[in-house]
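**Student:** Chains as they are written, first to last, in the working numbering: chain A, 7 to 328; chain B, 465 to 780; chain C, 465 to 780; chain D, 59 to 579.
Think of the hints as simulated: they come from the structure by calculation, not from any bench.
Honestly, I wouldn't trust all of these hints.
As a list, the in silico BS3-like pairs of lysine-lysine whose alpha-carbon atoms are at most 30 Å apart [stated by the list, open to error]:
| id | chain 1 | residue 1 | chain 2 | residue 2 |
| --- | --- | --- | --- | --- |
| 1 | C | 638 | D | 403 |
| 2 | D | 420 | B | 638 |
| 3 | D | 302 | D | 271 |
| 4 | A | 167 | C | 586 |
| 5 | C | 638 | D | 472 |
| 6 | C | 638 | D | 253 |
| 7 | A | 160 | C | 586 |
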Amino acid sequence: GSPAQAQDDVFRVAVVTPSTGTDLAFSQSMYDALAAIQEERGEDAFEFAISENLFVVDDAAAALRDYADQGYDLVIAHGSQYGSSLVEIAPDYPETAFAWGTTVDTFVDQDITNVYAYEARSEQGGFVLGVMSAMLTESGVIGVVGPIETGDAKLYVDGFKAGVAYEDEEIEVLVNYIQSFSDLAKAAEAAQAMIDEDADVLTGTAQMVPGAIQKAQEAEALWFGTQADQASLAPDIVVACQVYDWTVALNPIIDQVMEGTLGGEAFALTLENEGLVIQFNEEFELDEEVMAAGEEVAQAIVDGDISFEIAEDGTLTVVEAE
Amino acid sequence: MIEDLLTASVIASGIRLAMPYLYAAIGETFGQRSGVLNLGVEGVMLLGAYSSFWGVYQLTPDKATSFDPMALAAGVLVAVLVGLLMGLATAFINVTLQAEQGISGIGIYLFGLGMSTLLFQKNFSQVVTVKGFPKIHFPVLSDIPLIGEIFFRQNLLVYGAFALIPLAWFVLHKTTFGLRLRAVGQNPEAADSMGISVTRVRYMAVIIGGVLASVAGASMSIGHLNVFQQNLTDGRGFIAVALVYFGSWRPYGVMYGALLFSLVTALQIKAVTIGIGIPSELLSMTPYLLTIIALIFASRRIDQPAALTRPFERGE
Amino acid sequence: MIEDLLTASVIASGIRLAMPYLYAAIGETFGQRSGVLNLGVEGVMLLGAYSSFWGVYQLTPDKATSFDPMALAAGVLVAVLVGLLMGLATAFINVTLQAEQGISGIGIYLFGLGMSTLLFQKNFSQVVTVKGFPKIHFPVLSDIPLIGEIFFRQNLLVYGAFALIPLAWFVLHKTTFGLRLRAVGQNPEAADSMGISVTRVRYMAVIIGGVLASVAGASMSIGHLNVFQQNLTDGRGFIAVALVYFGSWRPYGVMYGALLFSLVTALQIKAVTIGIGIPSELLSMTPYLLTIIALIFASRRIDQPAALTRPFERGE
Amino acid sequence: MSDATPQLLPTGQSRIEHMEMRGIVKRFPGVLACNSINFDVRAGEVHALLGENGAGKSTLMKILYGLYHANEGEVFLDGQRVSIHSPSDAIAHGIGMIHQHFMLVPSLTVAENVALGQRSAREPLLDLNAVSKRIRLLADTYGLRVDPSQPVWQLAVGERQRVEIVKALYRGAALLILDEPTAVLTPQEVNDLFKTFHQMVKDGHALIFISHKLHEVLAISDRITVLRDGCVVGSTPTREATKKSLAQMMVGREVILQYDQPPVDAGAVRLKVENLHAQSDRGTAALRGVNLELCAGEILGLAGVSGNGQRELSEVIFGLRPATQGKVELEGQPITGASPAHLNKLGLSYIPEERMVDGVIKDFTVAENLMLQDHARPPYAFNIFVNPRAVAHHCAELIRNFNIRTPNQETPLKSLSGGNIQKLILARELARTPRVLIAAQPTRGVDIGATEYIHQRLLEQRTKGTATLLISEDLDEILALADRIAVIYEGEIVGIVDRAAASIEELGLMMAGVRRESTAS
Ligand SMILES: Nc1ncnc2c1ncn2[C@@H]1O[C@H](COP(=O)(O)OP(=O)(O)OP(=O)(O)O)[C@@H](O)[C@H]1O
Ligand SMILES: Nc1ncnc2c1ncn2[C@@H]1O[C@H](COP(=O)(O)OP(=O)(O)OP(=O)(O)O)[C@@H](O)[C@H]1O
Ligand SMILES: [Mg+2]
Ligand SMILES: [Mg+2]
């Protein structure tokens, strides 16, 4: 490899992602953030390389090691499954900074000091969207289509459910984790099954949701999205989406690496730091009252009046300040 | 509890889910009956799904609001052409080059997966939707309780899929081509010594399989989901291959298998949605497990093509 | 450019990647040579990966810091036992119940996938690591440039995988068991009338296959990645089945296939990370495509078991 | 050839007055299968082709039918040179072939098999009714009983043979190649077949007939050509030939067709079968209370028209088929239902009737096939390992003794000629001097030289004390070898006679089901 130290004026980032950079979801949000940073800092100051589609940990580990070998300033492992590989690799490259998401674990307890962690507190936006859903449902039934009950998806869904209950405990939330990130047809039929159970507001997370959105549109049910702005898929029914902006975590990491700190800190996207943004669909005529309520809850989260605790076993509890 | 689960809308959902399996599995039935196992169905489905979607997207003047019959017809046509080409390539690899069919199919799958992903990323910067085949509401029939929802509010491609079953049966059993095809799959040496061109018959069968696999993909992208994205078919092509075994190489058997599998899938979705207290990790395996158990105990092998996967070459 | 790509560390990485394929594919070779196609390898690998990981995790006193030879040995043993049981179940389904092997394998795969996921979620609330097999640094040899890194800094399970090849060849060709096994895969009726118990030989072969598949899984979870997570093996079991065809059912052929495939994978990863200007969607298909092309032109079918997938039943 | 009006066959096809092959050369890797062969046949005659196993008969015929391409040589039909590249060319020229290994699709019906590859009147639709009608017509004309609607897998061998002939006639074959059509038929079926052949010849068909049975060749043919090692040894009108002269031409030396049998004292009872019942594949009763005793040092011939339970009997004894009632004892030990593996260890040996299917592994080498049964025992093995040197030594001996034509021990079995595969199985089974040997049709499909050798081996083993059950439809063979003769009819033993006291007439009656007691009284 060509040592990056030779070109000290350029900051070089490499990222390894599990799906493609155009998935309109997890990987794309990272790709877009790096592109935005490059736009901001200039191509001669900031370069990035990406290895996509490395769902297999084994292949990803080889890629991570290789990027470190080549002297990248920051190597990002964008997938919670990559952690164990980092534990092996990071100590071998003490001069290189690593970042791992989504997680809070930087491995400092294992005496590894060159790993940053980042995550999205997607339960926050989920909660806000949940509150608005509860206000919009007429049937009193809301549907949620999820992939597999872990990580980011679980956080979002749990936050959403808590938001609905916060607004109205009577409302029934139907949740279906379809056990797949990629089966659009199954997502579609899951949404249909919810619609048949009278659900008139739906949400969902991960890259298979376009199938569900399709059914929601057919049935004229409302849709709330997350991870990316999905309004273009169904302008008539998408109410609002929680959008991720990883630059909020990446910028401080990059700055600290430039100053010589190679790891040890965990960053989170929150509503407060605007790493999470509630994006309303302009083409959808949302009741003023509902929008106001949503904005109010979001502000309460920003202010810390409402916060969330996640227990060891993953259960989420809503904590309201007195 | 079963009344809560087995509603008309669940059955209708099962029928929708069965559609791509029917096209793909009937196509594969032709190939296998002639002695060629094509494991690449999934790849051809993806190409069909992409190309028909692309066709409809390009040709629909006002994309999001109304459907355009001409654009839809063109979309299906594009899928047919793509299927034809892929079928030809598959036949060339398996029949002429006599590749190991278990492996060459994986190559075709990967080609289809890679190609459809690449073209999608190149031509569409993000996920977009089109107006696909609309549901046909038959005037009176569609209002009959139960039956109406199940049978008379589906779209044209669904009806096409079910019409394919008797058609395939007829072709296999009542035409000279069908007879040649079955003979070539059972005993190519005997067929050859009767002056039948084993190569030509297998090419035809594999091309039919390619066209139907491609239409199966189209039936998902423009006949159900109205969207394309990477790996849209998500393994359905492999299930279709399994359904051919399940159906003992007979069109009606394939249909029963596809319906069983899809209905159980729909039931499982319903069960998770209304929450019957079984973890969804387990429930989501039930369609597979049930199908497999049914298979183990119901397997009949009479029509199994004895020369399946066996290339044919005449002495010297 | 090729010098940039084909470095010692890439070759070493290729060899590491080949390890699980070797175990699994050699195991599958035994099964197929006896006439039983087991498509469930992937499921057994997952169970082996999980169970050995679980064993090592339970038995290592100080989890994160140092490795414990006893715990590792126990981990491998657990995998062997699990493989034995799964092999027995596979044999029962395919040999005794005579299930359609193309399908029953998918059932075994799904069982392994579901079971390993469930157990993992139940026993570990999050991803944890263990200390697996350490690299062995041979005193002098490991410092030889190139050769040292490639051959003399691997772990025990890597050496085991490569030692398996001549062993398997020897067993197949130089022992009476091997002769029986091949006979049963070629012509079970003849073997039976020659006084060979087809059932017993097939059970043995399938159980060997199960044990090796399970060890293949262990070689990933405690011999390379030191972690377990849902679907860790990610389709390697299916590739292993394909490699058996690629290798024309011969251990050395399987080894060449596994090495070719793994080296190209390692090269491809390297190519993407150093950026050679080809889209990664295309590059990531190269291992498959190359392997398939090699196969099409090198295919020899001499050792193909004529009775592959054909159940045996004596008279009636 | 100068006929002004071309004559037609009853099928409406024009005749092939004269087919001539000139200078045919065919090389396979390591084998010169046909070495400048000239051969011809005329309308209205049966030309028989004789030769040892591997002489090149089938190869020559496959060239005529377009399955193989000759390296050199030409084919003329009625003086016109023709090139035949594929079976469809051959069919178009009016040539048909009956292969010894049936070329039928078992899952299809007779009519479907016949219609295969033919244009239908209602193209693209099938018209099986029309096909069936024509099949019945042909069947009537040539005396072939077939049911067009029956699936082929349900048919017995004889019926399949008739379907093959109907198929060829349906395609308008004027010249019909028959490669060992009688090898698997019962004498009765052979008689019927010959009637059909006579009819065909009378109508102006030309027939080429291959068989290893000299009496058949003498009975049906007009001319005989003998091949040896790919060359024509000679050609003779049938009326000038005798069994002896033909055998001499084929083998190149005199063949002994009578054996002296030193009397051997029959020893203790080795195998005892008591009241044995069993079912056939189709679930009908195949054995209905069979009783037999087989003593050391004797050959018991089991005569009978095939299909009367012979196959089921040998399979039950050898553990390949369950008995529904009754028992089998080996030297006093009950062995009913024991596995073949166990029986093998006890010294029971079996030469199956369907040995091309049940007896060998085509993809294995000659050596592997030879050692298949005893592979786990010394000298072939020590402990769990194969002993390659001992294997090579023993195999070389067997190949020499049984005159198996093979390039070497490592040749895959499938490139041996049909008859040589048969010899290999016999070599394997006869090499072991078993306690009890069950030999089903041991010389079927084997040339006359090898037949002689096999007979001598059976007698040699008898001297050594082996108890042999010789199942054969060939009464000549049984009369030449057996000490006692049992006759089986419809699953029952109708009688057992000493050879000395047996006459062909009496045996024939018994084979038709007439009980011995009643004939005696
Ligand atoms: N396809 C082939 N490849 C290689 N060798 C062959 C092939 N077909 C025939 N042979 C060889 O050619 C020779 C002639 O074989 P052929 O089958 O013509 O003998 P045959 O006279 O029919 O003998 P049999 O009486 O045993 O049927 C044999 O040595 C055989 O092994
Ligand atoms: N393409 C081939 N490659 C290798 N071996 C072949 C090939 N075709 C035929 N053989 C072998 O050559 C031998 C002669 O075959 P053939 O079909 O002529 O037998 P046959 O004479 O009809 O048999 P039988 O002696 O039982 O009548 C057989 O052993 C056959 O397996
Ligand atoms: Mg022959
Ligand atoms: Mg022959």
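**Student:** Indicate, hint by hint, whether the structure satisfies it.
**Tutor:** Hints, one by one, checked against the model:
Between the alpha carbons of residue 638/C and residue 403/D the distance comes to roughly 22 Å, so the proposed pair stays at or under 30 Å and holds. Taking the CA atoms of residue 420/D and residue 638/B, the gap is about 37 Å. The hint is violated against a cut of 30 Å. Between residue 302/D and residue 271/D the alpha-carbon distance is near 12 Å, which keeps this suggested pair within the 30 Å criterion. Taking the CA atoms of residue 167/A and residue 586/C, the gap is near 23 Å; set against the 30 Å cutoff, the hint holds.
At most 30 Å may separate the alpha-carbon atoms for a hinted pair to count; residue 638/C and residue 472/D meet this at roughly 22 Å. For the proposed pair residue 638/C and residue 253/D, the alpha carbon gap of about 54 Å is over 30 Å, so the pair is violated. Restraint check for residue 160/A and residue 586/C: satisfied, since their Cα atoms lie roughly 16 Å apart, inside the 30 Å limit.
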